[in-house]
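J.: These protein sequences, in sequence, are chains Y and U.
First residue of the first sequence: 1, per full-length UniProt numbering; consecutive thereafter.
First residue of the second sequence: 1, per full-length UniProt numbering; consecutive thereafter.
Don't take each hint at face value.
Unchecked claim - Which bits of chain U does chain Y cover? Going by a derived footprint, with three or more residues having C-beta under 8 Å, they are:
| id | region |
| --- | --- |
| 1 | 92–98 |
| 2 | 105–112 |
| 3 | 183–189 |
| 4 | 207–213 |
| 5 | 417–428 |
| 6 | 445–459 |
To be clear, the hints were calculated from the coordinates, so they are not data collected in a lab.
Think of the CB as a built atom: it goes at the ideal place given N, C-alpha and C, for glycine as much as any other residue.
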Amino acid sequence: MGKKSSLQDSAVAKHKHRHRMPEEEEEDTTKTTNTPKDTQTHQQLPSSDSDSDSDYNGEFSEDDGSEDSESLRYSDTEESDSFGDEGIIEKVNSDDVTNGHGQEEESDDSELHRAEESDSSEDDVAPRNTVGDVPLEWYRDEEHIGYDITGKKIKKKEREDKLQSFLASADDSTNWRKINDEYNDEVVELTKEETKLIHRLLKGKAPHADFDPHAPYVDWFKWDGAKHPLSNAPEPKRRFIPSKWEHKKVVAYRRAIRKGLIKFDKPKEEPRAYLLWGDESSSTEKSGHLAYIPAPKPKLPGHEESYNPSLEYIPTQEEINSYQLMYEEDRPKFIPRRYTSMRNIPAYENAVKDSFERCLDLYLCPRVRKKRINIDPESLKPKLPSRKDLKPFPITCYLEYRGHTDAVVSVSVDSSGQWIASGSMDGTVRIWEVGTGRCLRVWDIDDAVKCVAWNPVPERPVLAVSVEQDILILNTGLGNEEDQERIKELLRVKAPTSLDDSGGIASIVSWLQDDKHGGIKLSHFKTVSSIEWHRKGDYLSALSKKHSQRIPFKLHGLPVSSVFHPTRSIFFISTKRNVRVYDLVKHKLIKNLETGLREVSSIAVHPAGDNVIVGSREGKLCWFDMDLSSQPYRTLKCHPKDITSVAFHRSYPLFASCSDDCTAYVFHGMVYSDLNQNPLIVPLEILRGHRSSNGRGVLDCKFHPRQPWLFTAGADSAIRLYCH
Amino acid sequence: MGKHYRPPGKKKEGNAARYITRSQAVKHLQVNLPLFRKLCILKGIFPREPKKKVKGNHHTYYHLKDIAFLQHEPLLETFREKRVYEKKIKKAKSKKNEERANRLEQQKPDYKLDRLIRERYPKFIDALRDLDDCLTMVHLFAALPALDREKVEVKRVHNCRRLSHEWLAYISRTHKLRKVFVSVKGIYYQAEVQGQKITWLTPHALQQVLTDDIDFNVMLTYLEFNETLLAFVNCHLYHSINVTYPPILDPRLEALAADLYALSRWFAATSRASLVGSEASSLSGSEQVKDEQKETSLNESELRLAQLQHQLPSNEPGALMHLVEDVSIEDEEDQDARECKTLFGNLKFFLSREVPRESLLFVIPAFGGMVSWEGDGAPFDEGDENITHQIVDRPTQARKMLSREYVQPQWIFDCVNARIILPTDGYLVGRVPPPHLSPFVDNEAEGYVPDYAETIKRLQAAARNQVLPLPGMGKEDLEDPQNLLVEGIIDRAEANEAAERKRKMIALEKQYHDELKMELEGVPYTSSVSNKQSSVTETEGREEPLPDLQQIAEDAANMSKVVMSRKKRGLLEAIEIGKKKKKDHVVLLKERKNKIKAAQKSKDS
């Protein structure tokens, strides 16, 4: 469509020309034949136009055709001009044909022409600038903007200052039509027609309203005129003779086909389905390879995936928003939506993706045959003997002993089971009558009591109390007169003798007479944490913070708790991690029990002596069977908080643990004399009732020596007795 | 015999010898990864999980036997040859030798998958068992546009469409469809073929959304296999009902995209041809269907009998017993099938233009109904007097005929799932239909029964009793016995429920009284023993009798947990967490329901 575009171009060029010379407009209309100007017009046509022109001419070398096209070009705008210009255009065209490269020359010529012409037509206007197409910045600092045709400098006009120009522009209603032509340093005002043209151009239309871009195409070339062929040569002979070489080739192919060297492709047939599993009975042969594990079927959709689920399946907006806060793994994959009719269902956006993911699952995921975990939770629970068969054991709180004003730290039961002693943080030691809850006696020791312990010998109702750095051995004043006298004598006499006897020990322990409470005071250097009597009531073990190097016990870490073997001369001492078992006679380490706990808090020995329980700060209880191994036989995780104390019953197969979570567990712990039978451990009862204070719950528990009763000392300053 | 000695560090035993990683396998087979993938997909080889992952946790492991199995696959050689040809073609093309390229393209070795299918599914039933994914995929691709850039050709899409229609036609014809569920993702169908429950998903008939993060190569490999599998399965199924395969369809109907109907015509035509003595009957008359069904089922049962006899050794004493059992099971199946076959037995449907035609054209005949649609080639037009239901999915219906009911398509699906003809009140034109519930959910096991499920259950119970009318009930009111019956039954059901509730109440009351009694007994016991202090405990005991009960239960649970081993405790806790999740979900649903109810109430008032 070179022709059409060239048509448009010419129109544009024409327009440009007009723009350049606004005054010419009138002249054009008046003077119909202005020959030099029109030549120039033609010269300004863009190169594409001239190219097409030259092609045109080259092909047909006939001038009247091109002439016609030219006339078409101008017919729309200047109908009257077109015929008058004819001769000149012809001349130009022939120029093009003769010297195709003479373009530049000619353009120079036209420049000349233009300058002259402008001189002639626009005398009143300042002379035209002749600097050409150079950046105007080059003249920025000069006084002139260029040179006129005669080579004189064209001076710059005086610049109006901004304010003035603004004011002028504000006053002038035609200001929007004015354009500053920097090249000529003048202000050009567009005429109404020009603005119209510009508007049309901006819209992308042809500049002239009367131009029809879709005019019917007229073929100006006379096709019927050509009578003769381009070449008049006769048909060559070879066109009529069969080719020898082709014949040879055909023969060769024929031979090859006969010999079977060339095979023809059979048409490809579509794979057809047939009865693949025709005879089922024959297909029983076993495949040699591994068992095929069928892929699990995709999950079937639930109510919430329905297009119209019940309203309750649709999450509220808040819930949907809250999904954003969840971790991406936890976030629900599918958010139910509701459409009130089937025509409203949109396409599911993940249909292809879901299918693709399924494909990936099928070929990427390892498949394992897994047994369905369909276990009845009841079956996981171990079969334990019924609790009813294991009676009696403490069940309910029967009595509460109140009187202490602060947390009761320790409680101890008299060997007869008639009395209990309790030590508290408020600095008192009290003796209670078990049956009635009557407080028998109160010692007011100023410091907080750590531990109290009755002497296990019934004839010697003596109480050991640990307070800060001291151990007090108090006369309870119980028992008959004979006993009383003996005790008084014992407490009085013992002090000086022991002091004399063991001068070495004195460095650690000093035995003093305590007149205030009527007993003996053993002062240590460091605070004493716990006391334990030997079963015969002759010896006393006290644990203090200081490393007791005197004893042949080498410990790793601080001792936490200690206990004497109930029948033999064996001593258990526990550090935070392990329990060490020493033979007191041979001064030898017998065993090291590895608890596997983080921090042991208490320890108790079964009355038979072969089983030990250890309570820990993380709430775990370990049962050790000494004959079995040094590893725990059973670890029970029963308390969420620290276990503060554990205890064995002396005659019943019971043991208990109490903890800071305000509960005490009672267990049945049967040890059989048959060595092949493992001990039976059954949790029996959780005893509650104590209240928490300062984050501490039950601080101590002790069994009654004869009855299946349990005493618990709580941080809520109460002692409770649980009976069966 | 002892183990062979191997130098240390070279020991290849156990898991190290039995499993290899994927990269090792690829190297071993001398193929590239895409080809390995393709082979695995076609052969159905999947990674396995060794007990001990020798190479590390982040590898995929294949069993060595699986890989050996791949190695002996003739397909491997074919693929290699193909690759050679592809290289040649590429070279020819780059040398602008189009002719040679075309010739090579034609000579490229081709492969067939029938042997693989036979190998993977030695019995037909195995193929049926694995058909779920196959069907879903073929149906998806039938709804996809052809994509040039993803190598999804028009031919393949057409093939998928054809296969899916063949399958649907078979299911519909033999009344094997059991459940339908319209979800947001598409429509789920469940059919029962030879005792296998086959569930598949068809996307909604809309333009599918395609995302960039999809590797179509993998999907196309799967599709290739699935197409072949479905073709063979269809062939087998068609032969089992004495219809030739592949069906030749009426080109006019095919052009109108009414393939399903064309297929049903094909069925009718071929069955007429095969049943020599059968009477000339209407086009899709139900008697004819029944006749054919009878014969096919007869054939099938004979076949089965023969199979069983083949499989069971004659000297086994239980052989006969097995046979008898099998027959009884089949009878049960027949009961179910009969119910499905006659659900829409005497109903005639007409589909409006806006309803999902393909789905309904499949579902309604599957349950014994007659159906037509708006458009060319339809068996009967809208003006037919005998039409009982017109399926409409538009806000209002301008012209209504009194002889028929205008219902929304959901009604069909709900009827199918409930296996009864539901009342159409809720589904009339312009109404918001009742919730559409999934037939795949066991409401009791889930712990939450939606309201509409209860209503359907009640209606089902009513319908069941309707078949066996109560004596004396029919005589009372002859005018509208059915309605009355339904009402009566509903009443009865309610009464039953009330009675049950009462029983529960009584039980609760009794329990409470017992507790009271226990407490009363407990009080004198403690008071007789204790002194003044006991009053403290007593009051405490009185203060919290109820939490005590709870606590006792909790304690019991706690105590049993204490003695458990850690593994078992973990398992139990996991179970409990799962249960709790389920319970929480139910609670959430109930909460939402209450909220909605409250909101409605406040709106009403």
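J.: Decide, hint by hint, whether the structure agrees.
T.: Going through the hints against the structure:
no., hint, in the structure
1, 92–98, "violated (count 0)"
2, 105–112, "holds (count 4)"
3, 183–189, "holds (count 5)"
4, 207–213, "holds (count 6)"
5, 417–428, "violated (count 0)"
6, 445–459, "holds (count 4)"
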